[in-house]
Amino acid sequence: KQEVTQIPAALSVPEGENLVLNCSFTDSAIYNLQWFRQDPGKGLTSLLLIQSSQREQTSGRLNASLDKSSGRSTLYIAASQPGDSATYLCAVRGTSYDKVIFGPGTSLSVIP
Amino acid sequence: NAGVTQTPKFRILKIGQSMTLQCTQDMNHNYMYWYRQDPGMGLKLIYYSVGAGITDKGEVPNGYNVSRSTTEDFPLRLELAAPSQTSVYFCATLPTGFYEQYFGPGTRLTVT
Chain G
1291 KQEVTQIPAA LSVPEGENLV LNCSFTDSAI YNLQWFRQDP GKGLTSLLLI
1341 QSSQREQTSG RLNASLDKSS GRSTLYIAAS QPGDSATYLC AVRGTSYDKV
1391 IFGPGTSLSV IP
Chain R
15 NAGVTQTPKF RILKIGQSMT LQCTQDMNHN YMYWYRQDPG MGLKLIYYSV
65 GAGITDKGEV PNGYNVSRST TEDFPLRLEL AAPSQTSVYF CATLPTGFYE
115 QYFGPGTRLT VT
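Protein chains in written order, with our numbering: chain G, 1291 to 1402; chain R, 15 to 126.
What the hints contain is simulated information worked out from the structure, not anything from laboratory work.
Every residue, glycine too, gets a C-beta built ideally from N, C-alpha and C.
Take the hints with a grain of salt, since some may be wrong.
What the hints assert, rightly or not - Using C-beta positions, here's what the derived DEER-type ranges look like: (1) R1345(G) with S32(R): 47 to 57 Å; (2) P97(R) with S1343(G): 26 to 36 Å; (3) Y1366(G) with T110(R): 24 to 34 Å; (4) G1373(G) with K23(R): 37 to 47 Å.
As the list claims (entries may be wrong) - Non-contacting residues of chain G with respect to chain R, defined by C-beta distances greater than 10 Å in every case (computed): (5) V1310; (6) D1317; (7) S1343; (8) S1349; (9) S1360; (10) S1375; (11) G1393.
Unchecked claim - Capping the alpha-carbon separation at 25 Å, the derived lysine to aspartate or glutamate pairs in DMTMM-like fashion look like this: (12) K71(R) with E1293(G); (13) K71(R) with D40(R); (14) K58(R) with D40(R); (15) K1332(G) with D52(R); (16) K1332(G) with E114(R); (17) K1358(G) with D1317(G); (18) K1358(G) with E1346(G); (19) K58(R) with D1317(G); (20) K1291(G) with D1317(G); (21) K1291(G) with E86(R); (22) K1291(G) with D1357(G); (23) K1358(G) with E1293(G); (24) K71(R) with D1317(G); (25) K58(R) with E114(R); (26) K1332(G) with D1374(G); (27) K1358(G) with E73(R); (28) K1291(G) with D70(R); (29) K58(R) with D1329(G); (30) K28(R) with E93(R); (31) K1291(G) with E73(R); (32) K58(R) with E1293(G); (33) K1358(G) with D87(R); (34) K71(R) with D87(R); (35) K1291(G) with E93(R); (36) K1291(G) with D40(R); (37) K23(R) with E93(R); (38) K1291(G) with D87(R); (39) K23(R) with E1293(G); (40) K1332(G) with E73(R).
Based on the provided sequences and hints, a complete structural model is requested.
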């Protein structure tokens, strides 16, 4: 059974720091992995999607990597800003349309 | 193009009442999903649908029912509401090809 964990559960950094959020999964037979951002009381916004055949994806200050063999993905945020404060979730999709498992999220606070 | 819309945004139910959470999409995506998110937790799959007329259970289906008579609509029915169903409910869609998943803004439900 696929299990997804995210470390740390919460993170507080000063503005301008580079930071890394971690996502681990137990079953490497995945189709893709998606990173989301969730603002308090809001829905989920897709940040990056990495297919199982890819190693990384970049969008602006965000870079997500995927190492299927070790069951790990990282989300790198460069030059963090207070507007980056949110909860970040990773979701792992298995090889069928129903098998998507979410991690519990990392709550990020960027201090001005 | 409104994407995924959900109504209502908020609802308070008394124990034993019933209600229907509405989800509508205008992206012509075949796959639709209902998730619930409890405080500090990731999302758990309640039900999903791979097309009109086809639905199936997810990880936590007890106490819920769904129907999918059209591609656009995927309502979630709660019968005999219980306090354990207090949660935020998200509807999501997925296009064929398993690319990015799109989420609605959520319905915050409290059962007292």
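Determine which of the earlier numbered hints do not hold for this structure and return their numbers in increasing order.
Of the numbered hints given earlier, those the structure breaks are 2, 4, 11, 21, 33, 35, 36, 38, 39, listed in rising order.
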